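Listed in order, the protein sequences are those of chains C and W.
So in this note's numbering, spot 489 of the first sequence is number 489, and the numbers just go up one at a time.
So in this note's numbering, spot 33 of the second sequence is number 33, and the numbers just go up one at a time.
Calculated directly from the structure, the hints in this document are not laboratory data.
Here the structure is a predicted model, which is why all the values come from computation and not from measurement.
Ideal Cβ positions, reconstructed from N, Cα and C, are used throughout, including at glycine.
Take these hints with a grain of salt, some might be off.
Sample of chain W residues at the chain C side, in silico, Cβ under 7 Å [to be verified]:
#, residue
1, Ala38
2, Gly68
3, Ala69
4, Lys175
5, Val179
6, Thr189
7, Met192
8, Glu195
9, Ala212
10, Lys281
11, Asp284
12, Gly316
13, Arg320
This is what each chain is made of:
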Amino acid sequence: MIDQFLLGLSVVLQPEILMYAFIGVFIGQLIGVLPGIGAITAISLLLPVTFYLDATTSMIMLAGIYYGSQYGGSIASILLNLPGTPSSVVTCLEGYPLAQRSRAGLALFVAACSSFVGGIVGVAILVLAAIPMTIIALRFGAPEYAMLVILGLLAASLIGTGSQIRSFAMVLLGIALGLVGADATTGYYRFVAMPEMADGISLVSLAMGLFGVSEIIRNASRRSPPGPALSITMRDVLPTRAEARSLVLPIVRGSGIGSFFGALPGTGAAIASFMAYAMERRFSRTPEKFGKGHLPGLAAPESANNAAAQTGFIPTLTLGIPGDAVMALIIGALILNGIIPGPRLAVDQPELFWGVIASFFVGNIILLLINIPLIKLWVLLLRVPYQKLYPVIIVMICVGVYSHRTSVTDVVLTLAFGVLGYLMKNYRFEPAPVMLGFVLGPLLEDNFRRTMLLYGGDFTIFLTRPISAMLVACSAVLIAFAVWSGVSAMRKPVHSTP
Amino acid sequence: MFKKLLAALPLTLALALPAAAQDSFPDHSLRIVHGFGAGGNADTVSRILAEEMSKGLGQPVVVESRPGAGGTVASGYVTKQDPDGYTMQLMVGGHAVAAALYNQLPYESVDDYTFISTLGQFPFFIAARAGEYESINALIEAAKAAPGTLKIGHSGVGSTQHLTGELLDLRTGAKFIHVPYKGGAAASTALMGGEVDVIIDTGTVIRGQAEAGVYDILAATSENRWPDSPDVPTVSETVSPGFDVVSWTAIGMPADVPDDIAERIRGEVHKALELPEVQEKIGDLGAKAGGSSGEELKALIEGQIAVWTDVIDSAGIDKR
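Start from the sequences, fold in the hints, and give me the full structure.
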């Protein structure tokens with residue numbers, strides 16, 4: 001493994017390839033910052049350029065855009081509450097409150113470092129355990145996915161900061177919104193008011209509207225917006241020693257969760273970061289601090305989504321099967337170069353295979369190096385008065401959302417979700433559970449119904465397949481734990497923290 | 001490779017300049033609209049073609065993705081554009097499926113178009129895990145022996161892959177369970193993991209696994225053996241004589257484009273298709289590049305609408 005990794009390094013350290021790796025992560029970072037423009041748009045625009053490059057270089061560049069955008073996505077989330085990707089929704093939860101408390105620099109620094117560690121752990125898993133991870137991933141069939149999503153929903157049921165009932169209602173709203181579109185099992189249209197909605201509501205519209213646009217409306221309706229007083233010395237950017245120590249375990253846990261979920265085709269970074277966040281909150285001794293700018297709640301999901309972005313390449317590289325739409329694009333670029341990706345890729349094209357993996361390692365270092373100095377610049381952005389900044393952001397959101405599917409409907413929906421998000425906030429309903437329901441609901445329905453179709457409607461299948469049974473057991477333990485802690489909290493009405 | 005990039009630069013610049021007005025058409029940029037996601041096969045084919053056509057037309061050709069409802073959003077949009085020759089649509093086999101599958105479409109699938117030319121055609125392949133079935137005959141026999149047990153994974157309800165599986169049921173009398181996945185890659189994962197027994201999909205999904213010895217390709221769905229896989233038998237020559245499913249990509253325009261403009265575009269499309277690098281790229285995507293006349297394309301689409309209408313009615317698939 002190590003020899004092969006060194007072979008990969010020797011490929012990626014050639015100046016020309018290194019340059020394209022840099023271009024890739026830099027564009028990715030940039031695209032990630034711009035609200036609404038995702039890695040897919042960027043990669044498809046750059047696809048023709050790869051006609052002139054060889055396969056290895058193309059893949060290194062396109063992959064760089066992908067994981068670079070994961071870094072960039074957290075910047076807009078922290079500074080402006082604008083989640084560009086579903087995984088950065090979780091970043092908003094703790095990052096934006098930090099920025100509002102004039103600690104944007106610290107939040108960006110922690111996000112960058114957690115992302116870096118997560119990314120490197122992801123690469124390490126990719127190098128050392130790609131084959132075993134592939135075998136596990138292949139054992140995940142429809143029943144396993146269905147049970148995994150149930151576990152995820154249970155674990156995340158505490159994700160809102162308000163009351164449980166409200167948070168539950170918002171998960172249901174998210175699931176309802178996720179139902180819009182063609183039913184995957186029968187093809188029936190559900191709640192399709194116009195043809196543009198046949199493929200469902202765009203995730204970008206929902207995230208941009210509920211988080212970004214609603215925040216802008218909120219700020220505009222305030223008399224004196226909370227323009228944070230800013231000082232940007234290095235001391236404000238660096239965490240204190242105690243803070244740094246409190247982040248070690250969350251980052252380790254986040255990286256682990258992210259690495260695992262990333263390797264499962266079709267789940268990916270979003271679920272990983274939701275799970276990591278929920279896990280931190282579950283195991284924290286101070287759960288009441290979450291939602292108000294708690295650093296571990298920022299570090300864990302950040303490391304998770306970047307680890308997942310790297311291990312997401314496992315099925316792509318070992319099987320030639322794209323885990324999501326971005327991977328499908330990257331594989332498309334390979335095919336256009338005459339390389340048919342498949343299980344023989346590592347054997348037939350070792351330079352390509354290991355070069356790409358080594359480029360992840362190098363790319364993460366480049367990203368860390370360009371991110372730290374940029375922090376000061378990003379924080380300066382907050383000095384721009386709101387009334388000047390926000391019109392620009394609204395325009396950028398609209399352009400970004402439109403560019404996804406060339407659809408005016410999506411733009412209108414984004415603004416409508418903005419109003420909805422504003423009303424929700426006013427009545428103390430949290431937007432994060434809506435996103436969770438929206439992402440996980442359809443996944444659960446799809447896999448549950450596929451299970452029923454595959455196994456003739458036999459419910460016991462969930463208990464007779466080992467991995468599925470294990471997941472059911474985990475869910476049961478979670479429920480038991482919640483009931484037990486609920487009961488003991490009732491016995492001890494005054495909760496004391498150690 | 002950097003040199004190649006540099007070499008392409010002046011060309012790109014030249015395209016950005018206003019073209020010398022030797023002919024009034026085209027005097028501004030053209031566009032190819034398609035109804036699928038950015039970066040999918042339709043998008044890639046559009047971009048390959050756009051690049052070559054812009055050289056011949058002396059104007060930029062922009063690719064526009066308007067995804068939604070199996071491509072019908074884009075069709076509804078294109079058919080309402082001016083027939084001035086500046087708007088093209090990259091059409092795919094799904095156009096004929098949609099005509100059969102949807103109760104109501106915001107356009108007429110044949111009459112609202114000026115058909116330009118096909119770009120390429122491709123068959124589907126039927127694949128199973130290596131060593132499980134000796135041949136397509138063995139698969140169909142096993143399916144007939146135990147009706148309603150063998151599972152075909154396909155890339156979505158109403159996809160051409162799905163309907164091809166249903167057609168196989170109809171023609172051979174076998175009874176498969178048809179299991180929908182989100183896209184061919186997910187179906188392929190399911191085959192690999194043992195969740196389904198067979199998949200029907202394009203060469204791009206199947207061939208890499210077959211070359212690695214993970215899958216056996218049992219049959220091709222085209223009536224005659226496909227030129228780049230001469231060893232793969234067809235469904236037609238084994239279990240169902242006359243079975244012929246070939247999907248395609250093509251260029252169409254809104255109805256009533258003036259003949260001389262349609263002819264000009266057709267000429268450019270055919271010119272691009274003759275280039276070896278274009279043929280090679282389309283070949284890499286699993287298709288055989290080949291142009292046609294407008295009438296040929298129209299006949300192809302009408303024929304397929306008839307076949308799919310029959311399959312959807314006979315298989316009892318709900319119309320939308």
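A quick look at each hint next to the structure:
1. Ala38: Since the shortest Cβ distance to chain C is 4 Å, the answer is holds.
2. Gly68: holds (5 Å)
3. Ala69: holds (3 Å)
4. Lys175: This hint is violated: Lys175(W) lies away from chain C, its Cβ roughly 14 Å from the closest one there, beyond 7 Å.
5. Val179: holds (6 Å)
6. Thr189: holds (5 Å)
7. Met192: Given a least distance of 6 Å, the restraint on Met192(W) holds.
8. Glu195: Given a least distance of 4 Å, the restraint on Glu195(W) holds.
9. Ala212: At about 4 Å, which falls below the 7 Å cut-off, the nearest Cβ of chain C leaves the hint on Ala212(W) intact, so it holds.
10. Lys281: Holds, because the Cβ-Cβ distance from Lys281(W) to chain C comes to roughly 6 Å (cut-off 7 Å).
11. Asp284: holds (5 Å)
12. Gly316: Violated: closest Cβ of chain C sits about 11 Å from Gly316(W), beyond 7 Å.
13. Arg320: At 6 Å from the nearest chain C Cβ, Arg320(W) passes the 7 Å test, so the hint holds.
Violated hints, in rising order: 4, 12; the structure is consistent with all others.
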